[in-house]
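Student: Read top to bottom, the protein sequences are chains A and B.
For the record, in the first sequence the residue sitting at position 7 is 6 according to numbering that gives the first Met the number 0, with numbers rising by one throughout.
For the record, in the second sequence the residue sitting at position 344 is 343 according to numbering that gives the first Met the number 0, with numbers rising by one throughout.
Derived from the structure by calculation, the hints contain no laboratory data.
Honestly, I wouldn't trust all of these hints.
As the list claims (entries may be wrong) - Listed below are the simulated DSBU-like cross-link pairs for lysine-lysine, each with C-alpha atoms no more than 35 Å apart in a straight line:
| no. | chain 1 | residue 1 | chain 2 | residue 2 |
| --- | --- | --- | --- | --- |
| 1 | A | K242 | B | K141 |
| 2 | B | K142 | B | K93 |
| 3 | B | K295 | A | K331 |
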Amino acid sequence: MDKKPLLQVRNLKTYFYTEDGIVKAVDGVDFEVYPGETLGIVGESGSGKSVTSLSILRLLDPNGEILEGSEIIFDGKNLMELSEDEMRKIRGNDIAMIFQEPMVALNPVFTVGEQIMEAILLHQDVSKNEARKMAIDMLRKVGIPEPEKRVDEYPHELSGGMRQRAMIAMALSCRPKLLIADEPTTALDVTIQAQILELMRELQKEYGMAIILITHDVGVIAENADRVVVMYGGMVMETADVKELFRETRHPYTWGLLNSIPRLDIEQERLYNIPGIVPDPLHFPPGCRFNTRCEFADERCRKEIPPLYEIKNGHFSRCFYYKKVEEAQKLKKAGESA
Amino acid sequence: MSEKRVLVKVDNLVKYFPIRAGVFKRIVAWVRAVDDVSFEIYEGETVGLVGESGCGKTTVGMTLLRLYEPTSGRIIVDNEDTTFYFMPKFKAKKYLQKTYIEKFKKEDPSSFTGIDKKYYDLYKELGESGFYNKLLSELNEKKSEFRKTMQIVFQDPYSSLNPRIRIKTIVSEGPVLHKVIKKSEVIDKVKAALEEVGIHGDHMYRFPHQFSGGQRQRIGIARSLLMNPKLIVADEAVAALDVSIRSQVINLMLDLQKKHNLTYLFISHDLSVIKYMSDRVIVMYLGKIVENASKKELFDEPLHPYTRALMSAIPVPNPDYKKKRIILKGDVPSPVNPPSGCRFHPRCPVAKEICSKEEPQLREVKPGHFVACHFPGSLK
Ligand SMILES: Nc1ncnc2c1ncn2[C@@H]1O[C@H](COP(=O)(O)OP(=O)(O)OP(=O)(O)O)[C@@H](O)[C@H]1O
Ligand SMILES: Nc1ncnc2c1ncn2[C@@H]1O[C@H](COP(=O)(O)OP(=O)(O)OP(=O)(O)O)[C@@H](O)[C@H]1O
Ligand code: SF4
Ligand code: SF4
Ligand SMILES: [Mg+2]
Ligand SMILES: [Mg+2]
């Protein structure tokens, strides 16, 4: 890729200090986001997706710490080195975030309009009247019917889908360069999810912002991401262009994940099972974190943490034996065409 | 294949919930959660029940299991009317009179089929009072039998198991209460049931919090299995589980079904899971069944516009897959004041004038393929 990345995350480590011990929630994560693209981050519960995004915005719980040596370079600036004041200017302005549950982000005692106006007034030099007009325009833009009326309503008066639209309106009102969307549609019905994802695609086309789309739904990733980061146990297991990831899978975890989901587009005999359970983050196994569930694991995997190998330009896999996945995929394809 | 036996037959099931307000908690409106729903479940099959949040799936399941009393309708299990089992006796008698005796006195007996015919013969043999006596006798035994044969596995593996009691008790208390197993057999039977769902038998002395979500769901299944059920209602049983754990539980449920010839009513909002699990699929929208067909029929040729839209809305985990996007407008309306005519008409991309005026009935448009739409197949 010849473009310069908008965001570079280098060796990000975020640990939480708890009574039971240290939770290595994010443990050496690397990825970049290019201007205007959608980077999907996919992984199961507890894999560190939300902590990664909260670390970018430096919005961690008090017991969490981003370790020395972690780098988050946004638009040329290392966010780790900014003061809290400077960081506040970035949040909501250059980088905006939307969450799974809009009720958490929206303040229940202020109207939707007041909240969008507040965001606009904080970051832009406009009058109150202008801000209100901009808020109404923004609500119209995200497909809220009768925006002149809705602008004066409280969050609880809106349906789940409408609330998510209002939150997107608020997030986009300052034209961020990067939007972080953490499970933005997980709490919604599928027909409403389809509306919201469509809206995000349209707004991205119009505003040209980059999106980090966090989800556990591989389908949402396939349909919306340009590039994908697969996380497991606080680490990146595989990164690739979306088509490449699905066609040329090179990590046993990604491979297992893709084969264990029921699908509408093909007939499936039997779903693949990744054996065992997700390891407890207080007790990750030594070596590769997937080694307790991996069918290719051997002695080496139980001792050493594999590096992120660059298999091809832009395609990375954290597995000593990524070639075995290639063979498994070839076999499967041969079986399917036979 | 041999003729399949109907295990459960639901006729015109209605469940309304009252909305109360004011100091006197007067009823001011009704939530029409399930509004005249009929379907059958054959022995050994999995019927998938799918639809969006609030369309009435859980209410169907809970009413079927009589954890809610139906507002009206009839629930036949194993060719016995079970509707009146949980009513007070005078109500039960009134129900039998209205449902059967009045009909038997009015209508031509040669037109009776199924349960009506069976009960008509009984009525002829025993007379009216003998008929009541027979059906209303041993209601406690009938209730107990019903509770045994109809089991449920819930969505939330965290709240559905009592945190203060050991797995052994959780799994065995129902079966002991209903005399499916003897007290002396508990340890052996619990061990066997746990091992069948992939949990170490020795873990029966642990508490629920010592297990992961997927393991708790397995324990819930073991508890149902030990009752020797005929029907298991699985209400979003895999929805809370991570992808890799979900496929384990799904495969387990399919294996157990084969082994024990179980019948499932599998409730889910996820059409992909429904497709993998089910033999037949029922699609609900706002308290109504809009489509009911075999899996193959439904996925090869969905005829209801809502089913089409739902399918198109499911994200497909294949970036090379080209699909038609149908984006529905608006939100799901409230079941308190459902739209007139076809309940889907305000969002339907192919609605015509008649749709807001006349309610489409569930019709069999092809053998075994039922659709409630004035223009089936019109949304391509
Ligand atoms: N404040 C905290 N204290 C201790 N542990 C924490 C804290 N916040 C997060 N964690 C732990 O960090 C790990 C990663 O959590 P994170 O929320 O990033 O997961 P996720 O991938 O977003 O999962 P989900 O899909 O469930 O949202 C988890 O094990 C979580 O329990
Ligand atoms: N006990 C109750 N009292 C009042 N209203 C209820 C009750 N249970 C359900 N409802 C209402 O009935 C309708 C149907 O609810 P139900 O839980 O059956 O839907 P569902 O299809 O299972 O939805 P979900 O996918 O969210 O589980 C909803 O509008 C719901 O709010
Ligand atoms: S490094 Fe070893 S254990 Fe880890 S994914 Fe690769 S083969 Fe499996
Ligand atoms: S009856 Fe009319 S509104 Fe309803 S689904 Fe059919 S075409 Fe659409
Ligand atoms: Mg999260
Ligand atoms: Mg439900």
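Student: None of the hints should be skipped; say for each whether it holds.
Tutor: Structure-based check of each hint:
{"no.": "1", "hint": "A:K242 / B:K141", "result": "violated, 58 Å"}
{"no.": "2", "hint": "B:K142 / B:K93", "result": "holds, 18 Å"}
{"no.": "3", "hint": "B:K295 / A:K331", "result": "holds, 24 Å"}
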